[in-house]
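Protein chains in written order, with our numbering: chain V, 1 to 256; chain W, 1 to 256; chain F, 1 to 281; chain E, 1 to 279; chain S, 1 to 286.
Don't read these hints as lab results, they were simulated from the structure. Predicted model, so just to flag it, every value in this text is computed and none were measured. The C-beta atom is built at its ideal place from N, Cα and C for all residues, glycine as well. Every clue listed holds true.
Beta-carbon label-pair distances, calculated as ranges:
| no. | chain 1 | residue 1 | chain 2 | residue 2 | range |
| --- | --- | --- | --- | --- | --- |
| 1 | E | Glu23 | F | Lys275 | 58 to 64 Å |
| 2 | F | Tyr94 | E | Ala130 | 52 to 58 Å |
| 3 | F | Asp21 | S | Ser4 | 56 to 62 Å |
Residue strings, one per chain:
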Amino acid sequence: MIERNVMDKFTINDLNLYYGDFHALKSVNLHLPAKEITAFIGPSGCGKSTLLKTLNRMNDLVEGCKITGQVMLDGGDIYAPKTDVNLLRRNVGMVFQKPNPFPMSIFDNVAYGPRTHGIRSKLELEEIVEKSLRDAAIWDELKDRLKKSALGLSGGQQQRLCIARALAVDPEVLLMDEATSALDPISTSKIEDLVLELKEKYTIIMVTHNMQQALRISDNTAFFLLGEVIEYDKTDKLFSVPSNKKTEDYITGRFG
Amino acid sequence: MIERNVMDKFTINDLNLYYGDFHALKSVNLHLPAKEITAFIGPSGCGKSTLLKTLNRMNDLVEGCKITGQVMLDGGDIYAPKTDVNLLRRNVGMVFQKPNPFPMSIFDNVAYGPRTHGIRSKLELEEIVEKSLRDAAIWDELKDRLKKSALGLSGGQQQRLCIARALAVDPEVLLMDEATSALDPISTSKIEDLVLELKEKYTIIMVTHNMQQALRISDNTAFFLLGEVIEYDKTDKLFSVPSNKKTEDYITGRFG
Amino acid sequence: MNKLSAYKGRPGSLALRIMVDLSAALTVLVLVALVGYILYKGIPNLHLDLFQWTYTTDNVSMMPAIINTLTITFCSLLVAVPFGVFSAVYLVEYAGRGNKLVKVIRLTTETLSGIPSIIYGLFGFLFFVVALGWSYSILAGIMTLAIMILPLIMRTTEEALKAVPDTYREGSFGLGAGKLRTVFKVVLPSAVPGILAGVILGVGRIVGETAALIYTAGTVTGVASSLLSSGRTLSVHMYALLSEGLYMDQAYATAVVLLIMVIIINAISSLVAKKVAGKAA
Amino acid sequence: ASLFTACGNKSDSSSDSSGMTGEISVVSREDGSGTRGAFIELFGIEVKKDNGDKVDKTIKSAEVTNSTAVMLQTIKGNEKAIGYVSLGSMSDSVKALKVDGETASVENVKSGDYKVSRPFNIVTGKKTNAAAKDFISYINSKEGQAIVDKEGYVSEDATDSYAKSDASGKIVVAGSSSVTPLMEKLAEAYKKVNSDVKVEVQQSDSTTGVTSTIQGVCNIGMASRELEDSEKAKGVKSQEIARDGIAVIVNRSNGLSDITSDQVKQIYTGKITDWSEIK
Amino acid sequence: MNNSFKEKAMQLVFLLAACASIIAVILICVFMFGNGIPAMSKIGIVNFLTGTLWEPFADVYGILPMIVGSIYVTVGAIIIGVPVGIFCAAYMARFCGPLQYKVLKPAIDLLAGIPSIVYGFFGLVVIVPIMKDIFGTSGKGILTASIMLGIMILPTIITVSESAIRAVPESYYEGSLALGATHERSVFATLIPAAKSGITAAVILGVGRAIGETLAVSMIIGNQAIMPDSILSGARTMTTNIVLEMGYATGIHRQALIATGVVLFAFILIINLLFTLIKERSARNE
Ligand SMILES: Nc1ncnc2c1ncn2[C@@H]1O[C@H](COP(=O)(O)OP(=O)(O)OP(=O)(O)O)[C@@H](O)[C@H]1O
Ligand SMILES: Nc1ncnc2c1ncn2[C@@H]1O[C@H](COP(=O)(O)OP(=O)(O)OP(=O)(O)O)[C@@H](O)[C@H]1O
Ligand SMILES: [Mg+2]
Ligand SMILES: [Mg+2]
Ligand SMILES: O=P([O-])([O-])[O-]
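So that you can see chain V by itself, here it is in the shape it has in the complex (with noise of 0.2 Å):
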């Protein structure tokens, strides 16, 4: 078990999803902590995408996508009608699973969410793309092409800009789902050590398929099925001595 504690970045309450019939997140209690990396792993179908979503309501965008229970960032109810839904958004940055840069260059990528949220200033922008190339540790391989259309990159490189275009907006949480399931060894394990980084001042929630990766790098992990959180403790403990015997088999299984 994980404590409750008061510098939990997410709490969420008996949260239920619904797609039109389908129940897809049946009573979810969870608590992410702050400045931590919180993994979400189970077989594929079981909510952890849908459950990522509702942490920057991106599940608004589904058509009868319904919702019950709640969802606390910083104390405060996401989900309460004077809710800002593009702060929020902001500061629950996203990184997909497949790598969507937008067809501009890598430079407008980056700068595209500080300018929506209304940095104009040319000097000002240079610097928040830079640090954020910096900081997705990608800086050096784009620096002299920031011109250049972003769709030109590989897999790779294009995920990590998206993680650099996250960045620039300056959030607080990190959502990433499958964000390493679309590239090569390499690549993934700079996004690893990325990572790894990005939890000195990022909280980090991530969805994977790869239990190793999982192991590699997360504080905590939650083990999904069927809609339901069937285990959530220390990643460590989790996967060396899991308390639920459903938890045991799928880490278990021959993938384990």
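Given the coordinates of chain V, work out where chains W, F, E and S with the ligands should sit on it, guided by the hints.
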């Protein structure tokens, strides 16, 4: 070292491949034994997919792709002018990284190949479809919905359907390009089991990012770096006592 | 390119190949015949007289018509494109997916695209010319044409918007951008080539239109001096020249100029499309 | 075959050398058109019923066109076709037939020897401004009618010369496409004698010309037909400014050069269907 | 706050733009129905739709011949234009080299930009005489008009189909090739079926163009208001009926012509509805 053998399915002699000016494969020499599983591993961009595609001439589709050297299938040069490319591709089936079922019914997907090759009789087609789906270990799951669109299947099901589709034309070789990288562990496991069964009848050549996977199921492994074959050996041997320093670095990296 | 031997034992493929090649050849043949016909009939009749600044019944100049065509084309697009694009944005980005109203709009607008242009002309005459009191004026013509090409622009834009991957939208929302910004900065720029294809089709219709204009913009032979004065486009000019059979030769010469104009407009459009697409890719 | 005798006496005509055989392609104008109205009336294709209603007996299989250019091109391209067209639009690409021995010409129409013609009308509403009146007076003047003559139409009798008034402004003349070419010529000539009035000519069709006048969209309407009662009821009246002869035309390769009005009637009512029946 | 106001304001602008389109649609409908319905009721809907005589001078208005004419010509245009168009689109998307494409693409754009009056004269001067010589008729008629319309809908069908075929994921094509299918089979058995919704849209647009085309058709179809008895016989379509007589029509005759437009509108609406239904059904099956 793996001894050359008259039973080898493929013999690749001094193969060079260029994408325009880019030298993507450099003097590749390989011989791939029949009815065994050979894995290609190596970092992204090292030429694994490229080499795989030369084996059924899918690289013909790439503009500006030039080849020198020889690829022999059962002793015949597949790049000889008189080669019937369609026949070659029938004999050397391929399964892609992302499952790509056609947007038609499950039945029609599997029957597509046989129909292409002139089989019209409904009875015969039904037999082939059932057998192929059984071989791909997915018959029981799908037998009641053969008339439904294949696009409604889950990723793992789609991939096994694509394998069934490849089997339906009765090939001798199956090329698999990261066929499980888009799948969850349970689906991956099913497909690995399947591949091990298929080995009885087919020669299988697979590209994978996942070294555990290579270790688990392949007989031989070739390690690629920057378009060159660095080491090619029995899988056990390559992973336990690699003879090349680079191989060792790669497989003992944090991903080993 | 297609070695015959490759089709040995595959008569179906060979047949398909032949059909494909024949169809392409046929299309080219038709075009060559059409263009050849226009040039053959028109070029001998092209005289400098036809390009004088003012029209008289002696010189039958098409210069004013050329200028009017450009004015009307430009202004019609100026009206129809924002309305068409904004409507499409509403339908695709804002209205809910199952929205019944959207279906109705889509159906009726699509239906309107099959209505013969003379009906648009009569409507424009009664509505713009008479009811709104604009009398015969290029403004009446512009509005009528704008309505006529609106469904076209809407439809092509809709398709183009739908083709923009959702990942772009997600990416933008995920950064805290609002819907408006997402639409203008990410979605619309990616849809520009598709929208331009619609614009090209629209230009084709405007430039080729006669019936709808005769009853609205009128057929005055001079350059329209303001939006509220009448003027004829090249197609109307050609139609007028032909109708009584008095100026057949000049009509054919007009067809040549019309052809050249279409080529130029298409070339410019595709150039713009390339530029925009190039910027995005 | 009964017609054989009807025109057999004209030995000087080249009709017997025609040798035309084959089904006649009959081409007509659209219902309601002024040209068609005049044509069917004068050739007796239109029959009055007892109750006074008129019936158009033109055979249903006749091709119909609403464009003079299409008429000319159709006759030009089909050696078995017959049609009719305004004299003002006659061209060398087709051949006009003499009707009952009379050539279709302006002089013959004027003298009354050639009967097939239609009126060119201008239509005015209640409020005709000074500028429009001035233009109309020009049209009706000697100078104006001289232009009508010059352009190959049949002028009206005119005795007075045009006297420039001090009217000025813009007037719109709209309607019949058949009248338009003449009106353009008139407007151009008028501009030379009174440049204070600007005349805009809008070419569309007779009905639109009348409607536009009623609606006040134009000052003067043009119609190549007489006004309907329903239109007159709306306060417009028409005035003839010229007449336009209508020529019966055939392909140039047709050996025929003469036709009787009865033969035209028989052809257009479907009694004669083959060229061999015309000798 | 400022932002959310802008959002709301622009959403309103978009909505208003969409409404403007609706208003335009409504205005035109009101105009058409307002003029057409009274005539229909005076003539009697049944008489109007099923009457085979069109005699405006006798106040007899039956448009069945025109309905039949429109159907014949449109079907003819589809039979001629659709296969050629789709094959040609396949050629452009999948068979031709970049050089041929560079020539073909602007050529087809050009075809789309040529005004119908030019098509009409081309038909009159080139196609009609050919048909006359082959069949010994006057050369004008349903077949001639079908050929002409078949040509005129080509650019629409080719352009829209080509982009639909291009939009099909390459993976389908590769999947088919990898099964040993020839290039041709891969294109026609996978790409084209996968593009069917786009191709259907192309056909609908083409049908719209064919059924609504006026000027060119009126020059080469003969325009006889009689029931056609063969594909060589002359006929009149609903559109040519309107454009032909509008110039001199007054009173109920004029209204009857606009009522013809209403029927046409209903026709296109029905066709679109049918296509929508088919599309939805096939979408549900997937
Ligand atoms: N938009 C939607 N409408 C209806 N059902 C949905 C929707 N999105 C997801 N689902 C369903 O909700 C369940 C959870 O989906 P989710 O994407 O969260 O799974 P996941 O754990 O992320 O799986 P994966 O590892 O494959 O990404 C699945 O059964 C899925 O089919
Ligand atoms: N069509 C092409 N044109 C030009 N270069 C290409 C093309 N396809 C691949 N390449 C280049 O050839 C090299 C080998 O590519 P290949 O796809 O074979 O790599 P891979 O080993 O399969 O990598 P991955 O694990 O990422 O799939 C790469 O550097 C790649 O950029
Ligand atoms: Mg997921
Ligand atoms: Mg690869
Ligand atoms: O044919 P119109 O005289 O009415 O133009």
